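Note that the protein sequences, when read in sequence, are chains A and B. 1 is the number of the first residue of the first sequence in this note's numbering; add one for each residue after it. 415 is the number of the first residue of the second sequence in this note's numbering; add one for each residue after it.
Taking lysine-lysine pairs in the DSSO-like style, the calculated list, with each CA pair at most 27 Å apart, reads:
hint	chain 1	residue 1	chain 2	residue 2
1	B	K528	A	K215
2	A	K78	B	K528
3	A	K186	A	K173
4	A	K143	A	K120
5	A	K384	A	K307
6	A	K217	B	K528
7	A	K357	A	K305
8	A	K82	A	K215
9	A	K412	A	K143
10	A	K61	A	K28
11	A	K217	A	K186
12	A	K120	A	K82
13	A	K186	A	K78
14	A	K256	A	K384
15	A	K199	A	K186
16	A	K307	B	K528
17	A	K256	A	K199
18	A	K82	A	K116
19	A	K82	B	K528
20	A	K384	B	K528
21	B	K528	A	K305
Think of the hints as simulated: they come from the structure by calculation, not from any bench. None of the values given here were measured: they were computed from a predicted structure.
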Amino acid sequence: MRKKTFLGLTTALAMTVGATAAMAENIKIAFLEPLSGAFATTATMGLAQYQFAADTLVNGKGGVLGGDNFEVLGFDNKMSGKETLVQLQVAIDQGIRFVVQGNSSGIAHAITDAVKKHNKRNPDDLVLFLNYSAVDPALTNDKCHFYHFRFDAHAGIKMDALTDVMAENQDIKSVYLIGQDYSFGKAVAAAAVNDLGAKRPDIEIVGNELHPIGKVKDFTPYARKIVASGADAVITGNWGSDMVGLGKAIVEAGFKGPIYTYYAAGGGITRTIGAAGVGSIYVVQEGNYNPPASQRISDYITAFKAKYPDYDITQARITNTLEMLARAINTAGSATDINAIAYALEGMEHENLWGGKVMMRPDDHQLIQNVQIAMHTDEGIEFKLDNSPYGLLIQNNVEMAGMDFPHTCKMKRP
Amino acid sequence: MDFILVNIIDGLVYGLLLFMLSAGLTLIFSMMGVLNFAHASFYMLGAYFAYQISIFMGFWLGLLIAPLLVGIAGAGVERYGLRRVHQYGHVPELIFTFGLALLIEEVVQFFWGKSQMAYVEPEVLHFTLFSIGDNAIAAYKVFMIFVSMGIFLTLLYILTRTRVGMVIQAALSYPRTVEALGHNVPMVFMGVFGVGTALAGLAGVIAGPMLGTFPGMAILLGSIVFVTIVIGGLGSLWGALVASLLIGGLTTFAAASSFQFADLLLALGMERPADLSESMLADLWTLSLPQIGPILPYVLMVLVLVIRPHGLFGKRDA
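Could you build all of it, start to finish, from the sequences and the hints given here?
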């Protein structure tokens with residue numbers, strides 16, 4: 001009996017060792033997002049996009065360092081700061097050195113602080129945080145550090161691009177700002193007031209309003225006020241059901257002008273807004289693909305839709321995150337020398353899959369890229385969203401948005 | 415003037431929607447003494463059922479079938495769930511309905527996922543019926559007003575003018591006597607629960623396209639429905655109607671106003687401090703009425719409870 005147990009143990013041990021040896025080829029990336037709970041749709045869709053990008057753009061092209069593959073592993077942070085730190089530690093203990101996250105700037109703050117502390121205490125065992133979606137400007141300003149890189153344009157840069165486009169539209173004489181009553185909603189409103197004041201002082205801000213987040217049942221009264229104010233355009237940072245409710249109510253109340261948004265697309269929103277929003281809902285974001293700028297984009301999306309028919313490419317920046325990491329690892333010649341990889345990422349210029357170039361600004365680790373204003377419509381849409389007839393059509397393209405956008409980062413390098 | 419008129423209409427739409435929810439809840443409470451925490455969940459079920467039916471058979475059949483399904487589900491819950499729990503007293507009943515609310519939310523997420531459903535009003539009603547100034551009034555809203563008014567009148571007629579209504583009213587106050595007279599009181603209870611949940615379902619069917627069909631819709635309306643029946647007086651249909659319209663008007667006008675508390679402070683002769691972070695009243699100086707609109711119904715509830723503990727039309731303590 002004892003002999004048998006011993007034999008079993010040895011076999012198990014041998015298999016574990018074997019498994020570890022086989023896995024050692026893979027460079028693991030921790031995807032730290034709410035894979036359960038109210039925000040699970042966004043996160044699950046994001047993980048699918050990461051795994052597809054890793055397979056197609058990195059592993060399918062021979063991997064990095066002459067044959068190592070990327071492997072993206074999901075860790076569920078349940079949208080809680082505390083759980084995030086626990087899961088981050090789990091990932092680090094498993095030997096994972098690359099963390100990607102983007103949903104919620106609050107969580108991003110928790111991770112960036114934890115990574116900073118970890119790297120200070122473990123200089124021989126560093127971790128790199130690749131933020132692909134959290135757009136609070138502070139992350140690359142006051143809170144910036146050497147091991148944090150942001151691949152999305154932050155809220156201030158997006159507003160800068162949006163107001164550049166609005167400034168050229170002489171039909172817009174007045175603007176109504178409305179947003180959710182919390183830090184992001186306030187940041188959007190403040191940026192809009194500031195940028196419009198600088199670029200088009202003649203534009204009157206006829207309303208600047210915050211509503212309770214996730215508490216408003218009926219947006220009609222807000223919509224009535226917007227119509228009554230006589231505004232030519234609306235700007236909002238709303239997301240989720242607050243975005244759908246507000247968008248539909250404004251259009252139904254008889255508002256005819258453009259509604260500029262950050263997040264009115266994908267995840268069911270495009271399908272729900274449907275016909276009501278055609279020609280009035282605009283979204284400011286990077287990596288729009290209607291009309292596709294190249295055959296490569298078409299092929300990529302077609303292949304993605306073939307594999308995940310229910311999902312869409314909603315976060316184009318994910319491809320840049322992985323491609324640039326792969327290039328940095330190749331340049332550094334090692335997947336473990338985090339300092340060398342971070343130095344390789346700094347200032348890296350990269351051919352964006354979605355068209356144009358991107359550049360990782362070395363001073364604050366903010367990716368500078370083209371930002372587009374796109375319109376919700378069903379005409380001329382090659383790649384639709386939510387399996388609906390609607391999608392986003394590019395109206396304006398701001399090249400290298402925020403190239404000289406000021407920052408307050410004082411980067412300390414090892 | 416236009417603005418006030420438009421907001422009265424909007425308030426009416428929202429208020430009548432609340433009424434459809436609270437009518438069922440208040441009937442159920444007055445009859446069985448059960449505060450049905452899952453009531454708003456039946457409202458959500460109504461919206462999702464109607465969405466699913468509308469994909470295959472169109473909006474109108476959904477309007478007919480979905481409330482029926484929800485009513486049958488509600489009656490089933492009473493017959494096989496609540497009735498068994500009833501003998502153990504009120505606390506287990508509360509816990510049962512609370513658990514049911516959580517269960518329904520999970521079930522909805524399991525089948526339909528977490529994102530918002532594209533449940534929209536029918537093409538026929540998708541136009542602007544008339545405009546007041548620049549404000550468009552959608553035909554669908556007028557349709558909502560008529561449906562809710564119809565429901566109210568029907569309920570009032572059944573409860574006060576028919577034999578069934580008399581049995582229900584009698585069973586409310588003297589269940590044992592009614593039973594002794596040969597009426598099947600448990601059957602009446604099941605019927606009332608079924609009709610109450612069907613009303614909630616109907617509210618969901620017509621509110622889904624306007625307020626959105628998503629897993630959070632039950633929580634969003636759940637608490638406000640309780641506030642409504644407490645203000646109106648538990649068990650009173652008229653009370654539910656008046657309180658619903660009151661809350662509808664209150665929240666609509668609060669959200670539509672542009673009142674700043676700073677104006678009030680200035681009118682009181684105070685001066686705006688240069689550095690707000692130092693001021694005791696920093697929050698008041700930056701607050702506007704729309705920001706606190708959603709809590710006003712709760713303030714109203716507290717006031718009503720202080721002045722009239724029975725609620726506006728109620729006959730017993732809340």
